[in-house]
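K.L.:
Residues per chain, in single letters:
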Amino acid sequence: METIDRKIAGDLLERYFEAQTTLQEEQQLREYFSGTDIAPEHAVYTQMFCAFAEERQQLNMTDPTFSAEDKFTVNSNSKKFHFRWMSIAVAAALAIFAFLMMPERGDSLKLIIDGVNVKNRELAISMADTQMEQVNSMLGRFRDGSTRQIDNMNKMGDALSPFKSFNRILTQTSATDRLK
Amino acid sequence: MKKVLLIVLVAMLCPYIVAAQAKHIHLILDKYEKRKKVESIIISPAVLQMAGNGNYNASTKELLSKISEMRIVNVKDGAEENGKPLSIIIRNDLDKVLTGERFSRVLKMQDGEELLELFVTKNEEGVLVFLATSPKEFAIISIFGNIDKSVINAVMTGGIKVK
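So the protein sequences, as listed, match chains A and B. Counted from 1, the first sequence has number 127 at position 127 by the numbering used here; the numbering is strictly sequential. Counted from 1, the second sequence has number 87 at position 87 by the numbering used here; the numbering is strictly sequential.
Simulated from the structure, these hints should not be mistaken for lab results. Each hint should be verified, as a subset may be incorrect.
[Unchecked claim] No more than 27 Å apart at the CA atoms, straight line, and that leaves these computed lysine-lysine pairs for DSS-like:
1. A:K119 to B:K36
2. B:K36 to B:K122
3. A:K110 to B:K37
4. A:K119 to B:K23
5. A:K110 to B:K66
6. A:K155 to B:K136
7. A:K119 to B:K96
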């Protein structure tokens with residue numbers, strides 16, 4: 001498409017702000033602002049038209065008025081755009097997967113007896129406490145038993161120590177006899 | 001971007017891979033907790049407290065912060081499935097997991113007709129399982145979370161009680 005000169009651009013701008021421009025004229029304006037020959041008094045509108053152009057590229061990449069270069073840029077931008085959304089979608093899918101894989105365990109206390117949910121906190125605590133007490137009691141017996149066994153081993157060691165001394169004396173005596 | 005996605009994917013799946021053993025125990029308990037003559041209690045750490053320690057001090061808080069959940073399933077004598085004692089069926093299911101490479105038996109104690117066994121996952125992130133067998137009942141007490149030495153020690157010394 002032909003690039004318009006500064007004067008036509010000025011006229012078109014006036015018509016643009018009065019909402020009287022056609023789509024083709026708006027495209028001409030965009031091309032004018034994307035070029036290098038922009039009148040200094042029009043420079044303030046450059047940002048606006050370039051921003052519109054970017055937005056338009058994202059929204060309407062199949063527009064036949066796009067140049068090949070534009071289409072390439074739009075496609076790569078669009079790919080980035082899609083990829084960003086794809087990554088968000090994957091993250092969301094993983095979050096849902098995680099939610100489904102891990103059953104709800106938000107209950108601070110839950111009691112089921114014979115397949116029936118019993119909403120009785122005190123009973124649940126009491127039953128759990130009883131169960132833990134039983135285990136602790138068994139562990140206590142285990143600890144006592146272990147301690148007793150260690151004590152017995154120590155006692156046996158103490159009982160055997162005189163024999164060790166006696167054996168040492170006997171060994172020493174036989175050694176001195178042999179020397180003589 | 002693909003690398004980032006891959007890292008995110010691995011990071012998100014890692015806890016599930018590591019917690020697979022805990023999940024197996026959860027699944028077994030979930031499967032049998034609603035049967036007849038079975039009692040099931042699920043307790044959050046908020047309900048747990050350290051025995052003989054009324055004050056909630058820093059060490060207690062630290063210890064309880066490692067526990068994510070406690071589950072007790074108690075199978076009463078007479079509970080059956082297809083004419084077979086339910087306790088034996090559950091025990092068989094549990095043995096498949098507990099006798100695997102990822103668990104180690106820390107304790108086995110026979111006292112008369114009572115048998116107490118303690119299994120712990122070899123990696124810290126996992127589960128601690130007590131199996132208490134007696135003629136009257138078969139109880140599975142499982143503690144899930146970061147099961148390190150401090151938790152095992154607290155459990156072994158009867159340090160964890162329910163309020």
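K.L.:
Determine for every hint whether it applies to the structure shown.
P.N.:
Checked hints:
no. : hint             : result
1   : A:K119 to B:K36  : holds, 18 Å
2   : B:K36 to B:K122  : violated, 33 Å
3   : A:K110 to B:K37  : holds, 17 Å
4   : A:K119 to B:K23  : holds, 25 Å
5   : A:K110 to B:K66  : holds, 20 Å
6   : A:K155 to B:K136 : violated, 38 Å
7   : A:K119 to B:K96  : violated, 33 Å
The structure is inconsistent with the numbered hints 2, 6 and 7, although it conforms to all the rest.
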